[in-house]
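Protein chains in written order, with the numbering used here: chain A, 7 to 494; chain B, 35 to 463.
Simulated from the structure, these hints should not be mistaken for laboratory data.
Since this is a predicted model, take the numbers as computed values, not measurements.
Just so you know, even glycine gets a beta-carbon here, dropped at the ideal spot from N, CA and C.
One thing to keep in mind: the hints can contain errors.
As the list claims (entries may be wrong) - When the alpha-carbon atoms are kept at most 30 angstroms apart in a straight line, the in silico DSSO-like pairs for lysine-lysine are as follows:
id, chain 1, residue 1, chain 2, residue 2
1, B, Lys63, A, Lys272
2, B, Lys80, A, Lys272
3, A, Lys330, B, Lys63
4, B, Lys305, A, Lys330
Stated by the list, open to error - Not the full set, but computed from the structure, chain A residues with beta-carbon under 8 angstroms of chain B:
id, residue
5, Pro33
6, Arg37
7, Tyr39
8, Cys41
9, Gly43
10, Thr60
11, Thr84
12, Arg103
13, Ala273
14, Gly275
15, Ala337
16, Gly340
17, Ile342
18, Pro344
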Amino acid sequence: MTVTTASPGIERELSDIVGAANCIVDPGELRTYECDGLTGTRVRPRVVVLPATTEETAAVVRVARRYGLPIVPRGAGTGLSGGALPVAGCIVIGLSRMKRILAIDLENQRMRVQPGVINLDVSRAIAADGYYYAPDPSSQSICSIGGNIAENSGGAHCLKYGFTVNHVVGATIVTAEGEIVELGSAGADPLGYDLMAVLVGSEGLVGIVTEAVVRILRTPEATRTFFATFPSTDEAGACVSGIVAAGIVPAAVEMMDRLAIEAIVKATGVDWPLDVGAALLIDVDGTAAEADHTATRAVEIAQLSGALEVRTPRDARERQLMWKGRKSAFAAVGRISPNYYVQDGVIPRSEIGPVLREIAAAGARAGLRVANVFHAGDGNLHPLVLFDARVEGEEHAAEQVAGEILKICVRHGGSITGEHGVGADKAAYMGEIFNEADLETMNFVRCAFDPAVAFNPGKVFPTPRLCGDRPGTYVAHETEIAGTAGRG
Amino acid sequence: MNEQLRTFDELLSDCVHCGFCLPACPTYKSWGYEADSPRGRIDLMKGLHDGAIEMSDTVVEHFDRCLGCMACVTACPSGVRYDLLIEETRAEVEREHRREPLDAGFRDLVFSLFPRPDRLKLLAPLLYLFRKSGLQKLARDSGAVNLFGKRMAQLDALVPELSLAQLRARLPAFTPARGAKRGSVALVAGCVQRVFFPNVNASTARVLAAEGFDVTVPQGQGCCGALSLHAGRDVEAKAFAAALLDRLWPEDGERFDAIVINAAGCGSTLKEYGQLLRDDPARAARAEAFAASVKDVNEFLAGVEPQAPRSPVPLRVAYHDACHLAHAQGIREAPRALLCSIPGLELLEIPDGDQCCGSAGVYNLLEPDSAAEIGRRKVDNVASVAPQLLASANPGCTLQIRSLLSARGIDLPAAHPIEILDVAIAGRS
Ligand SMILES: Cc1cc2nc3c(=O)[nH]c(=O)nc-3n(C[C@H](O)[C@H](O)[C@H](O)COP(=O)(O)OP(=O)(O)OC[C@H]3O[C@@H](n4cnc5c(N)ncnc54)[C@H](O)[C@@H]3O)c2cc1C
Ligand code: SF4
Ligand code: SF4
Chain A
7 MTVTTASPGI ERELSDIVGA ANCIVDPGEL RTYECDGLTG TRVRPRVVVL PATTEETAAV
67 VRVARRYGLP IVPRGAGTGL SGGALPVAGC IVIGLSRMKR ILAIDLENQR MRVQPGVINL
127 DVSRAIAADG YYYAPDPSSQ SICSIGGNIA ENSGGAHCLK YGFTVNHVVG ATIVTAEGEI
187 VELGSAGADP LGYDLMAVLV GSEGLVGIVT EAVVRILRTP EATRTFFATF PSTDEAGACV
247 SGIVAAGIVP AAVEMMDRLA IEAIVKATGV DWPLDVGAAL LIDVDGTAAE ADHTATRAVE
307 IAQLSGALEV RTPRDARERQ LMWKGRKSAF AAVGRISPNY YVQDGVIPRS EIGPVLREIA
367 AAGARAGLRV ANVFHAGDGN LHPLVLFDAR VEGEEHAAEQ VAGEILKICV RHGGSITGEH
427 GVGADKAAYM GEIFNEADLE TMNFVRCAFD PAVAFNPGKV FPTPRLCGDR PGTYVAHETE
487 IAGTAGRG
Chain B
35 MNEQLRTFDE LLSDCVHCGF CLPACPTYKS WGYEADSPRG RIDLMKGLHD GAIEMSDTVV
95 EHFDRCLGCM ACVTACPSGV RYDLLIEETR AEVEREHRRE PLDAGFRDLV FSLFPRPDRL
155 KLLAPLLYLF RKSGLQKLAR DSGAVNLFGK RMAQLDALVP ELSLAQLRAR LPAFTPARGA
215 KRGSVALVAG CVQRVFFPNV NASTARVLAA EGFDVTVPQG QGCCGALSLH AGRDVEAKAF
275 AAALLDRLWP EDGERFDAIV INAAGCGSTL KEYGQLLRDD PARAARAEAF AASVKDVNEF
335 LAGVEPQAPR SPVPLRVAYH DACHLAHAQG IREAPRALLC SIPGLELLEI PDGDQCCGSA
395 GVYNLLEPDS AAEIGRRKVD NVASVAPQLL ASANPGCTLQ IRSLLSARGI DLPAAHPIEI
455 LDVAIAGRS
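Sequences are here, hints too, so could you generate the full structure?
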């Protein structure tokens, strides 16, 4: 590895572009960018730059490339797979200052936003007009649209409405060459390759999103919510399958197990019962008549599946409280355990019961508890492995259990990530799902956009890969750039 | 578990780095710097704690720029006690960090004035002369170029014009309950409140009496220690707290049904006395009992059936949530309920109302640029609902919002909710 020593030249050039205050080199300040929502590993970046415009971003990328610095894009830093984890000697390009809403076109249901705009702020800006932005990760009150695009984030309501990829129709990106490129179009079916589908979910490997055109939807006329408790996750799982089999597409079906319920009650004070094995939180929506009808059917199915109790919120406030409970679940687990490891995997819906039992057993073998709160409708599990980092060896054991969970998911015909991405965390597990040829093919795509592997190197792919036969990322010495020295 | 007895290390480890606090934080909103977010500041604390970083000027600056508004405490789903963390950190900064002489000097000046009503009283006529003499303009013109100058100008801009009558006003030591007596309370007079807003204390005593409570104002009250505590001057804060405790809740003195306070910042500190004086063997138990009986006046009145009839006050009133009421004490509904008990009054909600106004104790004096930026957002939001009157339960917020509005040429009258209630009960308008 090439270690570049501090060179004020880079700092000066970057400061000239974004202003000294937005070019961060102080060791204390850099510390606050050492990790994202995945805290197990920390790497201090060499420099963090916070541009304000697309042009500044492009100029920053060009400087970084000239000096051969790896580039790590960062949104709000809530990612759970270490996607925004710095790599040694890198420049972090943070989009937190690019948070303007640029245009709202209600008639055509489009909105143009900067990448640092918070997911929920998109919906807030149009709520009064009866519109909203559908993808709703639980972190929606803080995560950025840029991060959502990179991770193809989903949320509770993606069961009916689809993931980010279904809701972003265009983007301005800065490429690894520092060029500004427009992808997609505001129209319905763009000509040529659908490059948006390549960009969305690319985890920062394809380009830095500096503007996005998102699709916005009419707020459904009516939403009916209910909360049902069950003796165990088996009955709750059967209920989910039953509802889907009846031809109902609920807007959201979220499952919480006993531990998760305990955490949520502690954190938010909702009056949910603690002596149950599992709970479902279900939304159905549509026109008022449709929502009423499907809600009645779904409640019947819940009762037939062995529900202990079914509650419906009395008013909008109570409904909001129920959802707030669900959405703060991850963080709420901090109330019942000093540390936890958030896993993300997908399984066929029919396997929920058996998989959860295997997961609990894997935890028990390691002496650790596992809480579950997840998108049951599409079988997207989020097992939370609880541990105490201060107890020697527990963190390691938790990582082992988390890894085992992925293998369980794959064994049951599922996948290693539903919505949190591969990032740095799961790169090693890519081989569980893809063979060499698959990975090679994916690498071709990456190299088409970023032949020098400047963006997010070391992420997503299991072994460091290069493009073509280049001998590796070349890091120019500053003297070379200044023209006072050269190689060969 | 008793949160307050957990070690700093344990409190730090509660943060899981999820970022849910970021959008709640006014300084992160202003600049988008991670180091100016609650999560980033906690990271800095961790770094200092395990020796990964040093307490440099830059690091200290990020702590200094924290408003102490506690919006992050409300936002955090993991229950991180940022309030305790920043208090401890500030104390450490004051102990271990050498500030530049000018910075240190101004801090000393502020702390030699604000927590001391007697000296504040002297300041008021001096500033009056300063304004009339034309020196003010000179200072403003020349002062705008450096931080010290900005800070002085800020101090001057914030101090309201006082009438001589106000300066002489005295709060009666005892006001008997009117009508059926329902109990007896002691009133904490507060420093800034007492000097700059004496009417608020007078209204508080009248309303409490009208609602059937004997009101005692224990004499010789000093500062409660809130300002010092929030700035890391913990030794000073503890001394203030001990002295006030001995005044209001002496070993074998009179016990009241409640200790009532009408300034939000003081209230949240009074409720923390148990924690603050836990290492003082002669006072720990007393402080605990005292803290448990402290009630913000809004909270206290919302908890009793209204007894005095209210006459109409037909005004559009915007209620401003003081951070130390909403975030630090969780009091949001009570003041709204009180205002809504007044016929004819139309209550307006300020957009983004849970954001700080930038006053934050003496923050606007110490960090004028940041306070102005945060204040600008607040004032935009206040102005957007076009109120006729601003209801604000904290003197610092009232000073800040009014001074920023008047800089825009808007003269919005402001009153403590209790003053509005006083008017309604007295039937004046
Ligand atoms: C409590 C909690 C709950 C969560 N719940 C969900 C959930 O329900 N569903 C879900 O999908 N996720 C969830 N997440 C994960 C996370 O919030 C999402 O992955 C989110 O999209 C990340 O956004 P961010 O702005 O924080 O991005 P970051 O974490 O900063 O970055 C994520 C990735 O995107 C890249 N990136 C960021 N901005 C850009 C850009 N402008 N251009 C190109 N690349 C960029 C980064 O390099 C990185 O690889 C949760 C996280 C937490 C902490
Ligand atoms: S303080 Fe709370 S909300 Fe903020 S990052 Fe830490 S755990 Fe999350
Ligand atoms: S107290 Fe206020 S300013 Fe300080 S970190 Fe918390 S939210 Fe930000």
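To see whether the hints hold, each was checked on the structure:
no. : hint                 : result
1   : B:Lys63 to A:Lys272  : 29 angstroms, holds
2   : B:Lys80 to A:Lys272  : 25 angstroms, holds
3   : A:Lys330 to B:Lys63  : 22 angstroms, holds
4   : B:Lys305 to A:Lys330 : 29 angstroms, holds
5   : Pro33                : 6 angstroms, holds
6   : Arg37                : 5 angstroms, holds
7   : Tyr39                : 6 angstroms, holds
8   : Cys41                : 7 angstroms, holds
9   : Gly43                : 6 angstroms, holds
10  : Thr60                : 16 angstroms, violated
11  : Thr84                : 5 angstroms, holds
12  : Arg103               : 4 angstroms, holds
13  : Ala273               : 5 angstroms, holds
14  : Gly275               : 11 angstroms, violated
15  : Ala337               : 4 angstroms, holds
16  : Gly340               : 3 angstroms, holds
17  : Ile342               : 10 angstroms, violated
18  : Pro344               : 5 angstroms, holds
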